[in-house]
Every structure is written in structure tokens, then in C-alpha cells.
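Sequence order for the protein chains is V and E.
Going by my numbering, the first residue of the first sequence is number 97, and it counts up by one from there.
Going by my numbering, the first residue of the second sequence is number 10, and it counts up by one from there.
If you are wondering where the hints come from, they were derived from the structure by calculation, not from laboratory data.
Please note that the accuracy of each hint is not assured.
[Claimed, not checked] In silico lysine-lysine, DSBU-like type, Cα no more than 30 Å apart, as pairs:
1) E:23 to V:163
2) E:18 to V:152
3) E:23 to V:138
4) V:152 to V:138
5) E:66 to E:53
6) E:18 to V:163
7) E:66 to V:152
8) V:138 to E:53
9) V:138 to E:18
[Said to hold, decoys possible] Listing some non-contacts, in silico: residues in chain V with all C-beta distances to chain E over 12 Å:
10) 149
11) 166
12) 180
13) 187
[What the hints assert, rightly or not] Derived contacts from chain V toward chain E, CB cut-off under 10 Å, selection only:
14) 110
15) 132
16) 142
17) 169
18) 188
Just so it is clear, CB atoms sit at the ideal spot from N, CA and C, and this is done for glycine as well.
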Amino acid sequence: QKEVEQNSGPLSVPEGAIASLNCTYSDRGSQSFFWYRQYSGKSPELIMFIYSNGDKEDGRFTAQLNKASQYVSLLIRDSQPSDSATYLCAAPGRTGRRALTFGSGTRLQVQP
Amino acid sequence: NAGVTQTPKFRILKIGQSMTLQCAQDMNHNYMYWYRQDPGMGLKLIYYSVGAGITDKGEVPNGYNVSRSTTEDFPLRLELAAPSQTSVYFCASSSGGSNQPQHFGDGTRLSIL
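Only chain E is shown next, with the shape it has when bound in the complex (with noise of 0.2 Å):
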């Protein structure tokens, strides 16, 4: 039953270095959701796909990209990383859009230092 699948899921950067957090799901969802929630916070809509080869920008995308080659994998990158990125990021997945509920992952929590 492994559902929704985030790794790394913890990690330190530097400020101006890359990574990429991967996400995969095992359950065939065309829609698939990053989030990122800073401490007290609720969930802000990074990025999200709804199928292969599309992707779409949610709330706060600055600073992020995504690909999605695969339904199963969708992992967001990270270019110049800032402290501004410190977060829990979270990775969901849905069969289908705001009618239907979403599945998540672990959470990823990184630091940029």
C-alpha cells in the first residue's frame, strides 16, 4: 500500500544550491498537487499537473519548476535555493480535480542554510 511516495524526507541545503524532491504515486491519479506549508501555516499550492505532460502554476511557484514525463512520477526542482524556501513539502494526488479528495505523501522538511 504505498499510496504517495516523497523522498528525500528531510534534507539541508545551501543558500544558491539545487534539488530536486521526487514524488510518485502508485494509484493511476491523473492529478498531482505540491504543496508547501511553513510552521503554523495552512497548505499553499506550489504546482500542479493534471496529467502527463501538463503542468500548471498554483499559488506561490517562484522559485520552483516541475516536469511531469510520467502519471506516476512528479518531482519538483529546486534552482537557486533560498532561506525563503525553508518548508515542509508536501506531494498529492487525486483521480480527479476539487471534486474529489487528495491522497498525500510524508512531506519532504528542508532547510536552506
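Bound conformation, chain V alone (with noise of 0.2 Å):
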């Protein structure tokens, strides 16, 4: 099982509509989980992280985290064309707990 694993999609969504981006993880003993936003060609971005189970909200975009079912997902409401990107999902690796190991990332198109 991979450590952390994301589908590569492409995730196709219209303009406007609500992207849903998914994550799983098999250390159950995670604590911090972030996603990063990459677009082709240029370094992944910090746009999300979160420490506790529940929501969190940052303008257009809501962390979402359960420890119980081992999963984080990001979604992104009013979706943008400029939004289409790869989102990489990253969580606590097997470095004891010294780096992250990130997802293989899910492609989102926004289609105007």
C-alpha cells in the first residue's frame, strides 16, 4: 500500500461548480497533512495544511480531515479556470517523521 495516494485523474469540472480532491494515507499516526498546488512546469505551492480532524476554510478552498477513515480531501468551490492545475497531497513519510512524502497528485480541469 502506498503511503499516501491520490487518483491522477483528470478531474473535469465546469466553471463555477465545486472541485472535490481526495487523499488517503496508511500512517495512522499522522498528524499534519498539507496540499500543494502545481502548475505544469513550475514548483509545487503550499496552499492548504491541516492538524486536526474537522474542516478548515481559507477563501475558496476547505481542508478536510478524518483520522478515522485515514483520509484528507480539498475542496474548491467556485472553481476557476485558474485553478487547473495538479494538486498534490502530502503527509508524514517513513523518515521518521523528519519529511513528507507526497501523493502522485490529481490533474483538475476547469472547464470555462
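Reconstruct the complex from the two isolated chains, following the hints.
Here you go:
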């Protein structure tokens, strides 16, 4: 089982819709989770992090964490074409919690 | 606002050549990381460091070496370049371990021919 798993997509949503991106992780002891956005040819950019069960909102983005089910999700409300990118989920990995393990990413396409 | 700076941005190497990818950060972060990203794939950890003088292997360390003589710099060395090392290399830093976000440089796109 991979440590951090994401559906590779592409996930296609119309402009203005809610995009829902999901991620599962294997380490039950993980305490922190991060979502990065990566545009084609660019470096990953942090957009959200969450430490506690429940929801965390920041503008159009909401991160949801369910530790019992070992999944974390990212909701993007009012999706815009500029949100089209690959979204990477990250959680503590094998390195004794000194580094993050990244999922392979979900490619999001927002159709105008 | 420099953050994490990587040089060079692009490089083409011949098989068997050596080179060093440079990474510097000005945020006084103790933790630094090197990742590689192959087309359409996620990030794979090559090496990381938790402070000056301390380095450790990640998921894919073979063919690479690192050193950390200062807090600011974390160079990655390829000794005998192979086509399998064609990739985009990202350096990142953070103020803590896995409970803190990592800040990435712009990457080095490396082709081995």
C-alpha cells in the first residue's frame, strides 16, 4: 500500500462548480497534512494545511480531515479556469516524521 | 524575498559526466530536502538534512550525494550521470520536520543524453 494515494485524474469540472479532491494515507500516527498546487512546469506551491479532524476553510478552499478513515480532502468552491493544475497531497512519511511523502497528484481541469 | 534558490534552471549533460545542483535558502531553516519529479509523477525524496553536518537518505538516493556544511546550502551531486537521472529536481526547506510546510525552489530541469 502506498503511503499517500491520490486518484491521478484528470478531474474535469465546469467553471463555478465545486471540485473535490481526495487523498488517503497509511500512517495512522500522521498529525499533519498539506495540499500543494503545481502548475505545469512550475514548482509546488502550498495552498492549505490541516492538523485537526474536521474542516479548515481559507477563501474558496476547504480542507477536510478524517483521521478515523485516514483520508483528507480538498474542496475548491466556485472553480475557475486558473485553478486548473495538479494538486499534491502530502503527509509524514517513512523518515521518522522528518520529511513529507507526496502523493502522485490529481490533475484538475476547470472547463470555461 | 529570495526563499529557496536553485541553480542552474536547465542543464544538459552527457552520460558519465558529473555536476552539482546548487540549493540555497535564506529563511534559516534547519530542514532541507532534495526531490526528483519525473513526467506525470509525484515527488520522490532523494536526500534530506535536519541541520548542518547531518544528512540522510530518502526513497531514491542511488547515484546521488549530498553535503550540508552550512545551514543555508544543500548541494546535490551527480557523479556519473545516467539517462535514468533525467528529471526535474526540486530543493525544499522547512523550519521543522513533517509538521511544518515545505517551501520549494523553482527547480532544475536536467537532461542526460
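(request) State the violated hints by number, sorted upward, taking the hints as numbered earlier in the document. (result) 1, 2, 6, 7, 13, 14, 17
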